[in-house]
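Student: Heads up: the protein sequence lines correspond to chains A and B, in order. Residue numbering for the first sequence follows our numbering, starting at -4 and increasing by one per position. Residue numbering for the second sequence follows our numbering, starting at 1347 and increasing by one per position.
Treat the hints with care, since some could be wrong.
With beta-carbon atoms standing in for the labels, derived distance ranges [claimed, not checked]:
{"#": "1", "chain 1": "B", "residue 1": "1471", "chain 2": "A", "residue 2": "154", "range": "34 to 44 Å"}
{"#": "2", "chain 1": "B", "residue 1": "1470", "chain 2": "A", "residue 2": "155", "range": "47 to 57 Å"}
{"#": "3", "chain 1": "A", "residue 1": "137", "chain 2": "B", "residue 2": "1461", "range": "24 to 34 Å"}
{"#": "4", "chain 1": "B", "residue 1": "1401", "chain 2": "A", "residue 2": "142", "range": "29 to 39 Å"}
Pairs of lysine-lysine residues, derived as DSSO-like cross-links and limited to a Cα-Cα distance of at most 30 Å, are as follows [what the hints assert, rightly or not]:
{"#": "5", "chain 1": "A", "residue 1": "26", "chain 2": "A", "residue 2": "3"}
{"#": "6", "chain 1": "A", "residue 1": "70", "chain 2": "A", "residue 2": "17"}
{"#": "7", "chain 1": "A", "residue 1": "155", "chain 2": "B", "residue 2": "1404"}
{"#": "8", "chain 1": "B", "residue 1": "1399", "chain 2": "A", "residue 2": "112"}
{"#": "9", "chain 1": "A", "residue 1": "142", "chain 2": "A", "residue 2": "103"}
{"#": "10", "chain 1": "A", "residue 1": "26", "chain 2": "A", "residue 2": "70"}
{"#": "11", "chain 1": "B", "residue 1": "1399", "chain 2": "A", "residue 2": "155"}
{"#": "12", "chain 1": "A", "residue 1": "142", "chain 2": "A", "residue 2": "119"}
{"#": "13", "chain 1": "A", "residue 1": "176", "chain 2": "A", "residue 2": "155"}
{"#": "14", "chain 1": "A", "residue 1": "26", "chain 2": "A", "residue 2": "176"}
{"#": "15", "chain 1": "B", "residue 1": "1459", "chain 2": "A", "residue 2": "162"}
Here are a few chain B residues that sit away from chain A, every Cβ distance over 12 Å (derived from the structure) [unchecked claim]:
{"#": "16", "residue": "1389"}
{"#": "17", "residue": "1390"}
{"#": "18", "residue": "1401"}
{"#": "19", "residue": "1450"}
{"#": "20", "residue": "1463"}
{"#": "21", "residue": "1466"}
No lab work stands behind these hints, which were simulated from the structure alone. Source: prediction; values computed, not measured. We put the CB at the ideal spot given by N, CA and C, even for glycine.
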Amino acid sequence: MPSLKDLKNRIASVKATQKITKAMKMVAAAKLRRAQEAAEAARPYSQRMAAVLANIAQAVGADDSAPALMTGTGKDDTHLLVVCTAERGLCGGFNSQIARHARDHVRKLLAAGKTVKIICVGKKGFDILRREYASLIIDRVDLREVKKIGFENADQIGHKVIALFEKGEFDVCTLFYSEFKSVIAQIPTAQQLIPASAGPVAAEASDASAVYEYEPDAGAILTDLIPRNISVQIFRALLENVAGEMGAKMSAMDNATRNAGDMINKLTLNYNRQRQAQITKELIEIISGAEAL
Amino acid sequence: MADFNFELVSPERLLLSEKVTEVVIPATEGEMTVMANHAPTMTTIKPGVVSVKTADGKTERFVVFGGFADILPTGCTLLAESAVHVDELDRTVLENRIDAVRAELEGAGDEKKTRLEQFVAELTKLGEIVIPA
C-alpha cells in the first residue's frame, strides 16, 4: 500500500504529464491548421498540372517521342520505393502505418523475384525499415531541419529520383505516403511515379481539350513537364504527410490527456480514502486514550 | 477592352487570379503578349518578368523562374516553378539560385550543360533588369 506521500507525488507527476500532452495537443492543432492551409494552397498547381499533362499526353499519344519517364523502360525488374514518413514520433500509429504498407509491398516484390531499392524520407520510416531491410535502403532524406516544407525540398528529392532513373538504377518508382482524409483518418497510400500514369484525370480532361499550338513542340514540353510533375507529386505527398502527422498527433495527445485525467481521478479517490482512514484512526486513538484515564 | 481570367500559380500557392486585359509572358521562344481570345497555346517559360495589366488599369510585375503557360481563348494559366512579386525580389535570392545552378553544372552531361548555361545567362540578365546593381 503506497503511503499518502507517495500518492501525492504520483498525482503531481501525472498532472505534470497531462499538462505536457495538453500543450502538445494544442500545438499540433495549430500546426494542423497551417498544414491544411499549405496543402490547400498547393492544390491549384497540382490540379492544373495534371490537367495540362493529360492534355499533352493525349496530343503526343503513342508517339515514339514520348520521354522514357512516361513510358518507362519496358521492364519491371527493379523497383524503387520512396517512403515518406514524419520526422517525429508521438503521433499514434501514423509512421508505423506507412512503414507497414511499404513493408508489405517490399515483401510482395521480393517474393516475385524483383530487386527492391528504398529511399527513406523522414527519420521514423528509416528507423522502422532499417530493422528488416537495411541492405535495401540506398538513400535517406532528412527534413528535420526544415521548419516549413517548401517546393525546393520536394524538388531535391525529385531530382535524386530522376538522376537514378537516368542512370538506369530502377524501372518502376512508387511513392509511399499517408493521405490526409480527416483528423482521425489517414490512409497510407502507394502511388506510382515512374512510369507516369495519367490516371483518371486523363479521361476527364480529354473531351475539353482544344487544338493546341505548342511552343516549342509537344514532345519538348512533355520532356520539361514530367520531371516537374514528379517533384509536384512528391511535394503534395509531403504536404499531405505533414497534415496527417499533425492530425494523428492531435488525436494521440487528446487520448493521452484523457487517460491522464482518468488516472488522476482514480489516484485522488485512493488518496482521499487513505486520508480519511488515517483521520479515523487518529480519532480512535484519542478517544480510547481518554477512556483509559 | 475585352478582359480574360489570368492565374499565376506556384507550387506553394496561388499568387494571382484576376480579370486582366493583357499579359506579357517570357516564353522560351521569345516574349509574347496574351490578350483575350488568344489561340489555344501551350508554351514553356524561361526565367523573366511577367507583366500583367489588370482590368482596372493597374500593372503588376512578377518574376518567374521557369515554368509553362496554358493559354485558352477564355483564360490563361501560368504555372511557374517559383514566382515572386517584383517588389519582394531580393538580390541574394537570385544569386543563391545562380550559385545552385552553377553547382549543378559541375557534374552535368553535355546536353544538360548547354541548357543549364543558358539558364544561368538568363538569370544573370534578369538580375540586371530587375535590380540595378
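Student: State for each hint whether it applies.
Tutor: Comparing the hints with the structure gives:
1. 1471(B) to 154(A): 34 to 44 Å: With Cβ atoms ~24 Å apart, the hint is violated.
2. 1470(B) to 155(A): 47 to 57 Å: Cβ of residue 1470(B) to Cβ of residue 155(A): about 27 Å, so the range 47 to 57 Å is violated.
3. 137(A) to 1461(B): 24 to 34 Å: Given a distance of about 29 Å, which is inside 24 to 34 Å, the answer is holds.
4. 1401(B) to 142(A): 29 to 39 Å: With a Cβ separation near 38 Å, residue 1401(B) and residue 142(A) satisfy 29 to 39 Å, so the hint holds.
5. 26(A) to 3(A): violated (35 Å)
6. 70(A) to 17(A): Since the Cα atoms of residue 70(A) and residue 17(A) sit roughly 52 Å apart, the hinted pair is violated (cutoff 30 Å).
7. 155(A) to 1404(B): Distance ~42 Å between residue 155(A) and residue 1404(B) Cα, so the pair is violated.
8. 1399(B) to 112(A): violated (50 Å)
9. 142(A) to 103(A): Violated, because 36 Å separates the two Cα atoms, which is more than 30 Å.
10. 26(A) to 70(A): violated (42 Å)
11. 1399(B) to 155(A): violated (39 Å)
12. 142(A) to 119(A): holds (17 Å)
13. 176(A) to 155(A): holds (29 Å)
14. 26(A) to 176(A): holds (16 Å)
15. 1459(B) to 162(A): holds (17 Å)
16. 1389: Non-interface label fails for residue 1389(B): nearest chain A Cβ at 4 Å, not farther than 12 Å.
17. 1390: violated (5 Å)
18. 1401: holds (21 Å)
19. 1450: Answer for residue 1450(B): violated, closest chain A Cβ roughly 9 Å.
20. 1463: holds (17 Å)
21. 1466: holds (17 Å)
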